[in-house]
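Novice: Work out the full structure: start from the sequences and follow the hints.
Protein chains in written order, with the UniProt record's numbering: chain Z, 1 to 310; chain X, 1 to 339.
One or more hints might be untrue.
The calculated DSSO-like cross-link candidates involving lysine-lysine, where the alpha carbons are at most 27 Å apart (straight line), are [claimed, not checked]: (1) Z:263 x X:197; (2) X:225 x Z:7; (3) Z:28 x Z:7.
Computed beta-carbon distance windows for the label pairs [said to hold, decoys possible]: (4) X:25 x Z:110: 54 to 64 Å; (5) X:49 x Z:110: 24 to 34 Å; (6) Z:72 x X:49: 52 to 62 Å; (7) Z:14 x X:197: 25 to 35 Å; (8) X:299 x Z:62: 14 to 24 Å; (9) X:252 x Z:205: 52 to 62 Å; (10) X:197 x Z:219: 54 to 64 Å; (11) Z:158 x X:36: 45 to 55 Å; (12) Z:193 x X:255: 16 to 26 Å; (13) X:59 x Z:200: 49 to 59 Å; (14) X:153 x Z:207: 41 to 51 Å; (15) Z:200 x X:52: 25 to 35 Å; (16) Z:167 x X:43: 50 to 60 Å.
Source of the hints: derived by calculation from the structure; they are not laboratory data. Just so it is clear, CB atoms sit at the ideal spot from N, CA and C, and this is done for glycine as well.
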Amino acid sequence: MAKYLIKRIIYLVITLFIIASLTFFLMKFLPGSPFQNEEKLTEDQRVILDEKYGLDKPIPVQYANYMMNVVKGDLGVSFQFDNQPVTKLLKNRMGPSLQLGFQAMFIGTIIGILLGVLAAMFQNTWIDYGSTFLAVLGKSIPSFVFAALLQYVIGVKLGWLPVASWNGFASSIMPTIALAIFPIATAARFMRTELIEVFSSDYITLAKAKGNSRMEVSFKHAIRNGLIPLVTVLGPMAVGLMTGSMVVEKIFAIPGIGEQFVKSIMTNDFPIIMGTTIFFAFLLTVIILIVDILYGIIDPRIRLQGGDKS
Amino acid sequence: MMNVPEKIEKHRFDPAPKDHSDLEKIEKPQLSFGKDAWLRVRKNKAAIVSAVLLLLIVVMAIIGPSLSKFDPYAQNVAHGNLPPRVPVLEDIGIFDGSQKIGGVETNKYEELGIEEYYWFGTDSLGRDLFSRVWVGTRVSLYIALLAAVIDMVIGVVYGLISGFKGGRVDNVMQRILEVISGIPNLIVVILMLLILKPGIMSITIALVITGWIGMARVVRGQVLKLRNQEYILASRTLGASNFRLLFKHLLPNLSGVIIINTMFTIPSAIFFEAFLSFIGIGLQAPEASLGTLIEDGYKTFQFLPHLMVIPCIVICIILIACNLMGDGLRDAFDPKMRD
Chain Z
1 MAKYLIKRII YLVITLFIIA SLTFFLMKFL PGSPFQNEEK LTEDQRVILD
51 EKYGLDKPIP VQYANYMMNV VKGDLGVSFQ FDNQPVTKLL KNRMGPSLQL
101 GFQAMFIGTI IGILLGVLAA MFQNTWIDYG STFLAVLGKS IPSFVFAALL
151 QYVIGVKLGW LPVASWNGFA SSIMPTIALA IFPIATAARF MRTELIEVFS
201 SDYITLAKAK GNSRMEVSFK HAIRNGLIPL VTVLGPMAVG LMTGSMVVEK
251 IFAIPGIGEQ FVKSIMTNDF PIIMGTTIFF AFLLTVIILI VDILYGIIDP
301 RIRLQGGDKS
Chain X
1 MMNVPEKIEK HRFDPAPKDH SDLEKIEKPQ LSFGKDAWLR VRKNKAAIVS
51 AVLLLLIVVM AIIGPSLSKF DPYAQNVAHG NLPPRVPVLE DIGIFDGSQK
101 IGGVETNKYE ELGIEEYYWF GTDSLGRDLF SRVWVGTRVS LYIALLAAVI
151 DMVIGVVYGL ISGFKGGRVD NVMQRILEVI SGIPNLIVVI LMLLILKPGI
201 MSITIALVIT GWIGMARVVR GQVLKLRNQE YILASRTLGA SNFRLLFKHL
251 LPNLSGVIII NTMFTIPSAI FFEAFLSFIG IGLQAPEASL GTLIEDGYKT
301 FQFLPHLMVI PCIVICIILI ACNLMGDGLR DAFDPKMRD
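Specialist: Here it is as structure tokens:
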């Protein structure tokens with residue numbers, strides 16, 4: 001276990017190092033200057049700005065400086081957002097994103113598990129077909145298409161919920177639903193296949209033979225075991241949520257990290273793009289690592305080893 | 001309860017064939033791999049319906065733009081922002097070119113005296129949405145197919161070499177893979193698109209950079225499973241070269257997983273293209289793809305919902321159909337699912 005953990009953490013560091021370097025060098029090749037959106041600048045002003053942000057130094061020096069700062073947790077200063085440090089900007093923006101992410105994850109997995117359990121318990125009935133169909137819809141329809149349609153129907157046509165704002169719980173309902181369809185679909189599909197396999201295993205037959213009711217067998221024996229592997233899809237789910245959050249935050253005008261990221265791409269705000277990229281990458285790799293470790297702890301049947309697991 | 005003795009037909013009492021070669025004879029024609037899969041897929045109604053739908057959309061993407069007499073790029077500002085109007089349906093009262101603006105029902109076609117029929121309406125610059133949607137579908141499908149094919153080639157070659165060579169080569173190749181796969185693909189795609197000039201090629205390249213990893217993994221796993229089987233050993237004993245082993249013996253046995261994987265790459269490529277266009281770093285202005293159409297439509301969707309809804313429907317149909325077909329094919333090819 002310890003060996004496996006060390007190995008994984010080494011990979012994590014290498015991956016993050018590569019991402020940080022890649023981000024830096026790609027940004028250097030980027031066409032356009034971060035000051036192009038400002039009012040017309042004279043050549044002198046531009047030189048002063050370049051100097052201020054260290055853009056006049058040779059690239060290797062900039063790179064070394066940047067990497068040193070990243071390790072210290074300093075992601076630079078934004079060009080566009082009032083010269084604020086990127087770390088601070090990210091911190092300010094984290095609240096809404098995290099809230100939406102957790103709400104979507106929570107609601108999504110619960111509904112997904114329910115749908116999957118129902119589908120597996122009533123296999124090959126209309127309940128099963130309905131839930132499978134929903135899962136395919138959720139997996140196929142891009143979150144931004146769903147979010148935009150939701151906004152149009154519920155927000156504009158019916159006027160039930162605020163169209164695009166961020167104050168209070170009511171404004172978080174629609175974005176949460178839009179983000180949750182992906183976890184719902186993933187969890188439902190996964191639970192169904194998993195449970196169908198569990199239902200045909202010997203210990204379920206034994207439980208039935210002992211005279212337990214169908215409900216008792218399902219809830220006490222089958223679902224408990226079926227839930228364990230669900231942990232493995234939490235990683236891909238987090239990736240999906242992150243992808244979704246960018247567009248969903250843009251659509252519903254939520255002051256979150258995703259919205260800021262999209263905005264900074266438009267304005268060539270290098271430090272924010274780099275910082276957010278590294279932040280996202282860090283978050284995801286850590287989540288995936290935690291998920292893998294959790295899985296090993298929860299499920300005693302899986303033994304984590306130092307060797308290949310692919 | 002009465003037991004009626006079952007009548008046994010006479011021919012069942014024929015003596016068993018004595019000759020050894022008769023026993024070995026295969027009675028029914030052998031099922032080829034493709035035929036076997038087809039027999040299975042045929043049973044899956046959803047997959048068949050999806051295949052038909054996809055075919056329809058592909059056909060429309062090819063001939064659609066020429067069905068309408070309007071050029072997809074020609075601007076006609078006088079005919080801007082028109083709602084859909086279809087010849088026969090307008091008599092029933094739907095798609096007659098009327099729209100509600102501020103609660104008042106108006107018909108722009110009548111007001112402006114426009115005789116033409118724009119089947120899907122027009123955008124703010126007066127471009128015909130019908131031809132634009134199909135041109136956009138064409139571009140989206142083209143990007144997806146191109147990305148899927150390149151992914152497939154790179155992934156299969158990488159997986160074959162890694163799995164077949166084994167040992168140190170495999171070890172190094174797997175480590176590289178592990179590091180690359182640790183990078184979230186969304187981030188790579190966005191970063192790539194920021195430095196490449198926006199266009200069909202750059203989107204494809206950006207998609208390919210991380211897209212082949214899944215394929216490489218699956219292929220390697222299969223190769224590891226297959227390469228120690230007896231038939232490979234037999235062929236090797238008979239003096240087959242590595243090249244022959246790889247392409248004559250391994251590749252055909254991998255075709256199932258390769259097809260399934262590709263079937264799932266296509267929708268994800270379409271999704272990513274649309275996603276990138278939606279956040280504004282995909283294809284640029286006059287160029288049309290489903291993503292840019294949705295993005296354009298989104299800007300005015302409160303007043304002109306058709307501009308967004310129609311491309312949304314097309315993209316949803318493509319994605320749902322691809323996923324259903326992928327599921328169907330997976331069930332058909334997966335040896336574990338064999339009944």
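Novice: To test your reading of the hints: which numbers does this structure violate?
Specialist: Result: hints 3, 8, 9, 13 break, sorted rising.
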